[in-house]
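Use these hints to put chain S onto chain Z, whose structure you have.
Line order of the protein sequences matches chains Z and S.
Numbering that gives the first Met the number 0 puts the first residue of the first sequence at 0, with every later residue one more than the last.
Numbering that gives the first Met the number 0 puts the first residue of the second sequence at 0, with every later residue one more than the last.
Calculated from the structure, these hints are not laboratory results.
Quantities reported herein were computed from a predicted structural model and do not represent experimental measurements.
Glycine included, every Cβ here is placed at the ideal spot set by N, Cα and C.
Don't take each hint at face value.
What the hints assert, rightly or not - Here are the simulated distance ranges between beta carbons:
| hint | chain 1 | residue 1 | chain 2 | residue 2 | range |
| --- | --- | --- | --- | --- | --- |
| 1 | S | Lys171 | Z | Ser56 | 39 to 45 Å |
| 2 | Z | Asn74 | S | Lys171 | 49 to 55 Å |
| 3 | Z | Thr43 | S | Glu60 | 32 to 38 Å |
| 4 | S | Lys109 | Z | Gln19 | 42 to 48 Å |
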Amino acid sequence: MKKILSALLFLAMTTGAMAQEKEMNQVEITTFRKEVIAKTKEITSLSTDFIQYKHLSFMSKDIESKGSMLLQIPNKLLWKYSLPFEYSIAFKDNKISINDQGKKNKVDIGNNKKFAKINNLIVGSISGNMFDEKEFKISYFKSGKRSIAKLIPLSKDILQYISQIELYFDEGQSTVSEVKLIEPSADYTRIVFKNRQTNIKLNDSSFSN
Amino acid sequence: MIRVLVISLCVLFTYSCKTVQLADLPKQGFLPTEQVVENSYFAKIGEEHIFRANITLFKNELSGLIVIKRIDDQQHRVVLTSDFGNTLFDFSIYSDKYAVNYAMSDINKKFILSILARDFQLFTATRLPVMKKRSLGDEIVYLGKYNKLKNVVVWDNPLARVSRLVYGTPKKAKAVYNYTESEDGKAILSIEHYNFPMRIKLIPLVEE
Numbered sequence: 000m001k002k003i004l005s006a007l008l009f010l011a012m013t014t015g016a017m018a019q020e021k022e023m024n025q026v027e028i029t030t031f032r033k034e035v036i037a038k039t040k041e042i043t044s045l046s047t048d049f050i051q052y053k054h055l056s057f058m059s060k061d062i063e064s065k066g067s068m069l070l071q072i073p074n075k076l077l078w079k080y081s082l083p084f085e086y087s088i089a090f091k092d093n094k095i096s097i098n099d100q101g102k103k104n105k106v107d108i109g110n111n112k113k114f115a116k117i118n119n120l121i122v123g124s125i126s127g128n129m130f131d132e133k134e135f136k137i138s139y140f141k142s143g144k145r146s147i148a149k150l151i152p153l154s155k156d157i158l159q160y161i162s163q164i165e166l167y168f169d170e171g172q173s174t175v176s177e178v179k180l181i182e183p184s185a186d187y188t189r190i191v192f193k194n195r196q197t198n199i200k201l202n203d204s205s206f207s208n
Numbered sequence: 000m001i002r003v004l005v006i007s008l009c010v011l012f013t014y015s016c017k018t019v020q021l022a023d024l025p026k027q028g029f030l031p032t033e034q035v036v037e038n039s040y041f042a043k044i045g046e047e048h049i050f051r052a053n054i055t056l057f058k059n060e061l062s063g064l065i066v067i068k069r070i071d072d073q074q075h076r077v078v079l080t081s082d083f084g085n086t087l088f089d090f091s092i093y094s095d096k097y098a099v100n101y102a103m104s105d106i107n108k109k110f111i112l113s114i115l116a117r118d119f120q121l122f123t124a125t126r127l128p129v130m131k132k133r134s135l136g137d138e139i140v141y142l143g144k145y146n147k148l149k150n151v152v153v154w155d156n157p158l159a160r161v162s163r164l165v166y167g168t169p170k171k172a173k174a175v176y177n178y179t180e181s182e183d184g185k186a187i188l189s190i191e192h193y194n195f196p197m198r199i200k201l202i203p204l205v206e207e
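Bound-form chain Z, shown alone:
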């Protein structure tokens, strides 16, 4: 009896897992990509709150940080952490400025390709426009009303830091609702976006740090 019960439980669990995430077929992929790319094109600015969860396998719970983010397409970005400490980082005019609890620092990134790549990666992850087959091997999944794009970087440079990026899109939303950055060790950072607003007016001073 016990064996039958565990077999049933196992079956229920595996079918459950399968029902949770289902790979998209070619038609679904084409439609999904078209939709995201079209919607992303319409975005000129974005404002959102976020909760960041850092998962370390040996810790009993994830480390949580909270804050807000502003983005002006194509190249202005402000990440502002408010909890557990105040810290903000702004990317603007090829410069990174950091404000660490009132202590300010500026870095000129000039033509630094690595920083440019990081910037593109962040802007791309948030806006959802990351479907560059030259940069990533991409697979697509559906889970309930959510669409998921899983990107494996092709560049060895990036693979040293990130083994996979997962982008979660809620139905009817034009921007990602969640990003998961998985590291080579399988530890990951999950960023959940809330209160998203697109195409709002942002002044240049909003990105002053």
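Positioned in the frame of chain Z, the structure of chain S alone reads:
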């Protein structure tokens, strides 16, 4: 930023033989003893410590989070992440060895990892064998050896715990690990090298 840190660490080799004499520690008058001093800060198995970390190396600064957990009798896990969350290094620290679970390619150089690992070996040490001691006001100063590394243990009598651990001797100090400092009214911990300009300031994060 990381590249600048690496270059700085290369430069530090020219400094690394330097030691300093610590004015506030006695140089003589020690009596022989044979005991083990318990350092309680990272001693509790399973306890998770999360710190906001400010690392200053020469004139460069890097901030992030440092997580320290005593996994079992033998091992402490020490992880540094950036503010964005990505792991910069992940060590398993034992008293006589260390294992690198992950190190970002820019700092994945043996001499950098061994400096960091030695720092955290001493910083997280829970049992410190000592051979000499001397009382000094509210403190007891012990001279000991941990995993072949000479050190000075400073015990704070009123607090009844280790307040500082010095790597080296009172005459030839190489680094200091502070457990009971405060800055701007907040309790902090710190790791500071005397032979090259590197300081790690650790502010404990209070859980919400």
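Item to check | Hint check, failures only | outcome: Nothing - there is no hint that the structure violates, so all of them hold.
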